[in-house]
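Q: What follows is each chain in one-letter form.
There are 6 protein chains.
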Amino acid sequence: MVQGGIPERSLLVTIGGAGTGKTTFGLQFLQHGIENGQKGAFITLEESYDRVVQSAGEKGWPFEEHVQNGNLAVVDLDPVEMANSLSSIRNELPQLVEEFGAERLVLDSVSLLEMMYDDQATRRTEIYDFTKALKNAGVTTFLTSEADQDNPFASRHGIIEYLTDGVVVLRYVRPEDFRETRLAVEIQKIRDANHSRETKPYEITNDGISVYRQANIF
Amino acid sequence: MVQGGIPERSLLVTIGGAGTGKTTFGLQFLQHGIENGQKGAFITLEESYDRVVQSAGEKGWPFEEHVQNGNLAVVDLDPVEMANSLSSIRNELPQLVEEFGAERLVLDSVSLLEMMYDDQATRRTEIYDFTKALKNAGVTTFLTSEADQDNPFASRHGIIEYLTDGVVVLRYVRPEDFRETRLAVEIQKIRDANHSRETKPYEITNDGISVYRQANIF
Amino acid sequence: MVQGGIPERSLLVTIGGAGTGKTTFGLQFLQHGIENGQKGAFITLEESYDRVVQSAGEKGWPFEEHVQNGNLAVVDLDPVEMANSLSSIRNELPQLVEEFGAERLVLDSVSLLEMMYDDQATRRTEIYDFTKALKNAGVTTFLTSEADQDNPFASRHGIIEYLTDGVVVLRYVRPEDFRETRLAVEIQKIRDANHSRETKPYEITNDGISVYRQANIF
Amino acid sequence: MVQGGIPERSLLVTIGGAGTGKTTFGLQFLQHGIENGQKGAFITLEESYDRVVQSAGEKGWPFEEHVQNGNLAVVDLDPVEMANSLSSIRNELPQLVEEFGAERLVLDSVSLLEMMYDDQATRRTEIYDFTKALKNAGVTTFLTSEADQDNPFASRHGIIEYLTDGVVVLRYVRPEDFRETRLAVEIQKIRDANHSRETKPYEITNDGISVYRQANIF
Amino acid sequence: MVQGGIPERSLLVTIGGAGTGKTTFGLQFLQHGIENGQKGAFITLEESYDRVVQSAGEKGWPFEEHVQNGNLAVVDLDPVEMANSLSSIRNELPQLVEEFGAERLVLDSVSLLEMMYDDQATRRTEIYDFTKALKNAGVTTFLTSEADQDNPFASRHGIIEYLTDGVVVLRYVRPEDFRETRLAVEIQKIRDANHSRETKPYEITNDGISVYRQANIF
Amino acid sequence: MVQGGIPERSLLVTIGGAGTGKTTFGLQFLQHGIENGQKGAFITLEESYDRVVQSAGEKGWPFEEHVQNGNLAVVDLDPVEMANSLSSIRNELPQLVEEFGAERLVLDSVSLLEMMYDDQATRRTEIYDFTKALKNAGVTTFLTSEADQDNPFASRHGIIEYLTDGVVVLRYVRPEDFRETRLAVEIQKIRDANHSRETKPYEITNDGISVYRQANIF
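Chains as they are written, first to last, in the numbering used here: chain A, 5 to 222; chain B, 5 to 222; chain C, 5 to 222; chain D, 5 to 222; chain E, 5 to 222; chain F, 5 to 222.
Keep in mind the hints are simulated off the structure, nothing from the lab. Hints may contain errors.
It does not matter which identical chain is meant; a pair holds if it fits inside one copy or across any two.
Only pairs whose alpha carbons sit at most 20 Å apart, straight line, appear in this in silico EDC-like list of lysine to aspartate or glutamate [what the hints assert, rightly or not]:
1) K204 - E184
2) K136 - D54
3) K204 - E39
4) K136 - E96
5) K139 - E39
6) K139 - D154
7) K63 - E39
8) K136 - E69
9) K136 - E107
These numbers were taken from a predicted model, which means no experiment stands behind them.
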């Protein structure tokens with residue numbers, strides 16, 4: 005859907021409601037990178053290390069092996085602690101990325117981090133500074149974000165889509181005949197890249213996310 | 005609706021408005037477990053011990069007997085007290101689950117627990133930590149949650165669906181001819197399991213929840 | 005609409021906007037009980053004793069007589085005072101109910117009581133404890149509740165429908181041709197009882213609430 | 005539209021947006037009373053004495069004369085002062101009504117009074133006590149109320165319609181072809197009186213409010 | 005659209021979103037007055053003196069000349085200062101109007117003044133007192149007001165339409181075929197005057213606001 | 005779409021959601037100016053200097069060269085710092101503009117600046133004073149603004165569209181058949197200039213923003 009692929013060293017966000025496969029999307033992004041000789045890191049605020057590795061394994065992606073081979077780091081952080089130490093994480097990020105040699109980074113999810121700040125101004129400033137650090141770290145990053153309750157095209161806190169180079173929207177399409185809810189993906193923004201604005205159906209299968217590029221939703 | 009059944013040791017939530025049968029859903033989940041040789045626990049913040057046992061009894065599920073046989077624990081807690089002592093409950097949970105040998109746990113409802121925290125940040129942190137403890141306790145848990153007033157697919161506080169491995173949505177479908185309100189169930193998310201995304205009609209009968217897998221809503 | 009009638013000793017709520025006949029509904033519930041040899045109590049936060057007796061009288065229900073015969077108590081309370089002394093009311097309720105021998109109780113309306121608490125957490129806790137006391141008092145209770153401004157199926161404060169055993173929704177149906185607004189009733193929940201989910205038209209007549217069970221709304 | 009007319013000594017409210025003729029409605033209510041030998045009082049928080057008399061005069065209602073004949077009192081109050089002294093007004097109300105012999109009272113508008121209380125709980129308590137005093141004063145009262153911005157059937161603060169014996173809704177009906185906005189009146193509630201629930205068109209003419217009882221809106 | 009024209013010495017408000025021509029409407033109102041021998045004053049909180057004069061000039065209205073001839077006063081005020089000194093402005097208003105002999109006054113916009121008060125109660129009281137002073141000043145006043153974001157028929161703060169004698173609504177009509185957005189004007193209220201309730205298209209041309217009285221929107 | 009082009013020395017805002025090409029719009033505005041012999045300045049709160057230059061370069065606009073030739077200034081500011089020093093920026097602005105000789109200025113985005121003020125009144129006053137300074141600086145300015153989450157025609161904070169001379173709305177049009185999301189542009193306001201009110205489709209191509217003036221959206 006993106007001509008020439010995702011731009012290197014860009015910061016992207018996947019916005020979606022519960023069950024739209026945001027986490028799978030992130031795991032797959034890393035697996036593809038590692039298959040192509042890139043190193044990656046998966047930072048999760050939602051799951052334990054074991055659950056992440058297990059989830060990937062069930063899709064046939066040998067994360068355990070990747071970790072042992074030094075191609076992958078999986079880090080489970082407590083969101084409260086991450087929020088409290090975000091300024092030091094921010095400062096150490098470039099060095100950590102460089103030392104490990106990560107070219108792909110996933111943070112699942114930025115919403116859980118955002119939620120830890122009660123004061124709106126603090127949240128905005130912290131997230132702004134954090135995205136700036138990510139852009140400077142020389143790594144291609146995919147953030148996952150929960151969707152706004154009322155607007156599937158907006159993120160929960162309505163700011164991250166403005167601070168990223170690209171926005172992918174995952175959402176439910178519920179036909180009026182109540183038959184079967186479908187999943188639809190749309191690229192809303194990729195800075196400096198041409199991209200289709202078509203809404204495409206996708207499924208979460210045993211092998212990961214499958215986008216049906218030739219099909220239309222209905 | 006789930007291929008291979010609900011994953012063991014996962015944390016699930018049933019979201020539904022008043023009268024959609026969330027509690028019945030939870031009772032039935034335990035009854036099925038006990039019929040298959042599993043032990044279970046029902047924690048209620050909404051009803052008394054007697055009402056829970058009576059409600060199950062009217063569906064033909066001998067909860068009194070299960071309790072006497074040591075296969076079931078029914079605990080009625082005051083939500084205020086539960087909220088106040090959540091950190092100690094959290095700490096003791098794994099031990100309690102292990103000692104009793106519970107493989108299935110129901111909490112009815114997580115919304116009433118969430119409501120007891122006035123401060124949003126405290127609520128999120130407490131619920132986050134609580135779900136983490138539940139995941140670690142080695143038990144398959146079903147939480148019930150009230151639905152958002154305006155969005156039947158979201159929980160009342162909009163967070164629990166992001167912290168669970170599975171989400172079941174129970175909701176009303178009101179046809180335009182005002183004839184009869186129907187009940188519809190949809191699985192929104194099951195982590196690491198294939199599941200149908202079909203919306204299926206169900207009824208609350210004398211025997212519990214009956215999902216009509218072959219039928220469509222209209 | 006309920007097979008086998010309303011369960012004894014249950015707590016029910018009637019949700020409806022202004023003018024949907026909630027109060028008439030409550031008066032009629034007591035009149036029916038008294039006609040069948042049950043004693044009843046009507047607690048009003050909205051009207052004076054005289055207005056309640058007069059309103060009933062105009063429907064042909066001799067409340068004055070019922071009071072004199074010791075079959076009915078009509079109590080007009082100030083909502084502020086009721087809110088302030090709710091914990092003592094709660095404590096004395098079982099004794100009062102037992103002494104008077106009331107089998108049916110109406111509180112008109114719970115919304116006015118809820119409104120007296122400005123702090124959400126206090127309101128929830130007070131209402132939760134109050135409904136628990138009502139359930140324990142050994143009496144069948146009908147609360148009336150104002151509807152949410154935007155959602156006729158939800159109560160004004162969005163909590164009472166989750167704490168009761170049954171929910172009856174009274175609402176306006178406004179046809180698109182602007183002809184005549186109609187009234188429609190729907191049972192949303194009756195715990196442990198089968199009930200129809202049909203929406204039925206009703207009218208407020210000189211004889212009280214008349215539900216047209218055989219008719220459809222349009 | 006009301007069988008047998010408006011009940012004596014009841015408290016009614018007219019809800020409507022800006023320009024729906026609420027004030028005219030109130031003036032006309034008094035004029036009709038005076039024509040039938042009743043005395044009346046018009047309390048305005050929105051206009052000066054002169055403007056009220058002039059407005060009535062333009063409809064052909066000789067309010068100046070009524071005042072001189074002792075059949076009418078027109079009082080312009082400052083809403084801030086009225087709010088501040090509401091408890092004493094409340095106490096003196098029955099005596100004032102009795103001394104003057106008023107049988108009809110109009111307050112234009114209750115919304116402006118409600119607005120003067122910033123604290124919701126204070127507002128509710130004050131308005132509740134005020135409506136109780138009005139009911140006890142032995143006078144038929146018409147309050148005017150602004151409509152909720154989003155719901156023409158609800159009052160601005162969403163409480164007065166629950167505290168009154170009758171509710172009249174005045175609203176705009178905007179046809180989809182954008183031709184001409186029409187005015188429509190509907191009686192939402194009259195306690196202890198049968199009333200039509202038809203929506204009827206009306207106009208504000210040189211002679212006051214004209215309801216077209218035989219016509220339909222479209 | 006108003007039979008017999010706008011009533012003298014009345015207070016009117018024009019409600020409209022950005023770009024609906026509220027300011028042009030106000031300039032034109034003054035120009036028409038001056039052409040008919042009336043003096044006028046334009047108070048702007050949004051533009052500089054020079055921009056106002058220039059804007060009028062581009063419509064062919066010689067405001068510079070009017071000012072020099074003593075027929076027009078154009079005053080640019082800082083909204084913060086105006087809010088801070090509103091009580092003294094209010095007191096001096098009648099004298100200022102009388103001394104200058106202004107018969108028409110425009111304030112562009114009342115919303116910017118309203119915004120300067122953070123506290124709702126203060127805002128309401130200040131605006132209420134201000135409108136009362138304007139009514140007493142013996143001048144015909146046109147206020148401009150921003151529209152509510154969600155409801156084009158309501159003002160931004162939802163109070164000014166209730167305090168004025170007349171309300172003119174300017175709004176966008178966006179046809180479903182996405183062709184061309186049109187502008188529509190509707191008189192919502194003129195106290196003591198008959199007025200059409202038709203929605204009429206208008207345009208902002210080189211000569212000012214042009215209402216097409218014979219045309220319909222579609 | 006604007007007859008005679010954008011008025012010189014005016015203040016304009018482009019409102020649009022994430023991915024609608026607001027930044028590209030701003031870059032193109034400067035490139036066109038420089039091609040016609042005007043100097044320009046690009047102030048970004050969202051990107052680094054390098055990213056701005058790179059983004060322009062990919063559209064074929066040699067910003068690096070423009071900077072070296074002294075025809076362009078690209079300044080990346082931290083929004084927190086800009087907010088904190090806005091009053092001094094405001095004071096120095098006219099001098100800076102004059103010294104550099106800039107005739108076109110872009111600020112990307114005003115929303116990020118607005119967000120830095122937590123207090124609404126402070127935000128309004130600061131933004132009001134800032135727009136006034138921009139109008140006085142003798143430069144044609146294009147601000148970019150995020151759109152309101154629920155209303156694509158309103159800015160995020162709902163004030164900037166009232167303080168500018170022109171408003172351009174960029175938005176998504178999502179056809180009901182879910183095929184392809186399209187982009188649409190509409191001029192909402194240009195003070196003192198005639199402009200079309202047609203909604204026109206546009207695309208973000210390798211060469212920048214392309215508006216299809218002859219085409220309709222559907």
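Q: Which hint numbers doesn't this structure obey?
A: 3, 5, 6 and 8
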